[in-house]
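Chemist: Just so you know, the sequences run in chain order A and B. 1 is the number of the first residue of the first sequence in the numbering used here; add one for each residue after it. 180 is the number of the first residue of the second sequence in the numbering used here; add one for each residue after it.
Don't read these hints as lab results, they were simulated from the structure. Quick caveat: nothing in here was measured; it's all calculated off a predicted structure. Where is the CB? At the ideal position from N, CA and C, for every residue including glycine.
What the simulated footprint calls covered on chain A by chain B, stretch by stretch (three residues with Cβ under 8 Å from a Cβ of chain B suffice, anywhere in the stretch; the number is not a length): (1) 14-21; (2) 30-40.
DEER-style ranges, computed between Cβ atoms: (3) A:S9 - B:S480: 45 to 53 Å; (4) B:L243 - A:T32: 21 to 29 Å; (5) A:W132 - B:I310: 56 to 64 Å; (6) B:I184 - A:R19: 52 to 60 Å; (7) A:T32 - B:C207: 34 to 42 Å.
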Amino acid sequence: MNLVTETFSGFLSLITGLRITIKQFFSPTITTHYPHQTLPIAKKFRGHIELKWNEETGKPNCTACNICAKACPSDCIVLDGIKPAGEKGKTVTSYKLDYTLCSLCSLCVEACPFDAIQHSNRYNLASVPNQWANMDLVQRYKDQVTRVGKTPYDPYAPAPAAAPAAEPAAPAPAPTAQP
Amino acid sequence: MIESIFKFFTTEPYWTLTRSILYLVGICIFVAANAAYLVWVERKGAGRFQRRPGPTESGPWGLLQPPADGIKLLAKQLMAPPGSDKILFWAAPLMVIAPPLVCLAAIPFGNNVLARDLNIGLLMVFSFGSINVMALMLGGWASRNKYAIISAARVVSQNVAYEIPMLLVVITIIMVTGTMNLQEIIVQQAGGFWNWNILRGIWDFSGGGWGHIGGNLLAPVTFLIFYICMLAETNRAPFDMAEAESELVAGAFTEYGGMGFGVFFMAEYANIVVGCALATILFLGGWQSGLGSGFGTLLTSWGVIGTVIGVGFFFAKMYFLIFSVVWIRWTFPRTQFYGLLNLSWKILIPISLFTLLLTSVLLKLPRLF
Ligand code: SF4
Ligand code: SF4
Numbered sequence: 001m002n003l004v005t006e007t008f009s010g011f012l013s014l015i016t017g018l019r020i021t022i023k024q025f026f027s028p029t030i031t032t033h034y035p036h037q038t039l040p041i042a043k044k045f046r047g048h049i050e051l052k053w054n055e056e057t058g059k060p061n062c063t064a065c066n067i068c069a070k071a072c073p074s075d076c077i078v079l080d081g082i083k084p085a086g087e088k089g090k091t092v093t094s095y096k097l098d099y100t101l102c103s104l105c106s107l108c109v110e111a112c113p114f115d116a117i118q119h120s121n122r123y124n125l126a127s128v129p130n131q132w133a134n135m136d137l138v139q140r141y142k143d144q145v146t147r148v149g150k151t152p153y154d155p156y157a158p159a160p161a162a163a164p165a166a167e168p169a170a171p172a173p174a175p176t177a178q179p
Numbered sequence: 180m181i182e183s184i185f186k187f188f189t190t191e192p193y194w195t196l197t198r199s200i201l202y203l204v205g206i207c208i209f210v211a212a213n214a215a216y217l218v219w220v221e222r223k224g225a226g227r228f229q230r231r232p233g234p235t236e237s238g239p240w241g242l243l244q245p246p247a248d249g250i251k252l253l254a255k256q257l258m259a260p261p262g263s264d265k266i267l268f269w270a271a272p273l274m275v276i277a278p279p280l281v282c283l284a285a286i287p288f289g290n291n292v293l294a295r296d297l298n299i300g301l302l303m304v305f306s307f308g309s310i311n312v313m314a315l316m317l318g319g320w321a322s323r324n325k326y327a328i329i330s331a332a333r334v335v336s337q338n339v340a341y342e343i344p345m346l347l348v349v350i351t352i353i354m355v356t357g358t359m360n361l362q363e364i365i366v367q368q369a370g371g372f373w374n375w376n377i378l379r380g381i382w383d384f385s386g387g388g389w390g391h392i393g394g395n396l397l398a399p400v401t402f403l404i405f406y407i408c409m410l411a412e413t414n415r416a417p418f419d420m421a422e423a424e425s426e427l428v429a430g431a432f433t434e435y436g437g438m439g440f441g442v443f444f445m446a447e448y449a450n451i452v453v454g455c456a457l458a459t460i461l462f463l464g465g466w467q468s469g470l471g472s473g474f475g476t477l478l479t480s481w482g483v484i485g486t487v488i489g490v491g492f493f494f495a496k497m498y499f500l501i502f503s504v505v506w507i508r509w510t511f512p513r514t515q516f517y518g519l520l521n522l523s524w525k526i527l528i529p530i531s532l533f534t535l536l537l538t539s540v541l542l543k544l545p546r547l548f
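Given only the sequences and the hints, what does the whole structure look like? Please build it.
Modeler: As structure tokens, this is what we get:
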């Protein structure tokens, strides 16, 4: 008797399973057809790092202080900066990131005292490694600024005429020696 | 010139030969197209059951996926493992694809769409169907791979276990219909769908009155048993112990690659087609519309068009069954081997024996009074 009831209830459970799957069959699919469609990436997504810039002036926040490079446990950051003509502080001129080494640990972002770097939203980076192994973040910054219709900040430009007058303390606008 | 050649081949004694060749070609195309596109159906179905779209990239709706798969398989090198029995190793895929091809010759797709009207068509289909087991056994054996041999042994015990209830069930059908001619069995199911063997067994509506019980009170159960056995015989999920790709690598096919494996794969689908066609014929009235005898006679009076519509009904039923096979595959997990054998020996065989007994008693009873 036990076998009979077991068989019967087992059979009913099979029918239930079939009913559930056929319901799925006729419901719309939820696939995003990836290369043709993409989902919006969450703001918090940790892509490789990128330079932030001042929304108004279009100038990068980075002062080439090298703190991030020192904070990085994987030594992926190599950067350089100059003191532009007629400016008080330094500005980054090259910011190289070896992304193959980066562990996306975010220590550089946390270490930066000037809030100058952030994680980007780029996720589809599949390519031959040496195409993105060394990222030039300054170039990326320039591209991004150009894309929003601003002119990227050029640290090598001669100081504007008004600038020395406003800041007499600034000495001769000679590029500083590389640190 | 062409006309005379045409006439030469379309008049007796050569017409029989031409007809056979035409059917042969037709069946080969039918099997190949089915094997290829059932894979597509399977993938699409698998996708939809999991709320994915299935293949979409190759061609519209992924329709070029099967040719792409075929080209991929053909481009691979055929390799037999060293030390294996080469002849048996390559004979196995051929032996596994041949029976469904032969079986289809006896299967009536329509009013007079069949290659050979055999009086023992049913017997032929089943005897050729059982070659499948031997071919799998050979494949496993010739691979010189202990895992393949073990898997092959598993397949044999599975197929033997399920052959018994299947044949018992078919005997019940033969007892009710009194013939092994598949066309004859279909003709007997003419009229409404209540005349189909799946229901006719309960109550023979055509006769009316007591004493006209169709013979098999458990006909729907019989159909269910046949269907389950068909799944097991064709090694389909949830009984796909032969392959079990996730657990057993590929079971008996472990050593096969390229088109060697592809042929096993195609044979699986060809066997499903044969199995579902058989289920359609034995239980669901074959090419009968099931819309009442009036519609049936109307169809026969329409000649070719009626035949085509009949074939359409046949395919509709057959492909519904095939769809249900896919449906079941993507619903149930693979059974354990004990469960599989228990199901057959402890449940299916006793029930089918019981239906057999019941049928014979019910068929004899009216004659006693
Ligand atoms: S995220 Fe971590 S590893 Fe990557 S650059 Fe920043 S500090 Fe280095
Ligand atoms: S990114 Fe920040 S920490 Fe790194 S050099 Fe620039 S200002 Fe300094």
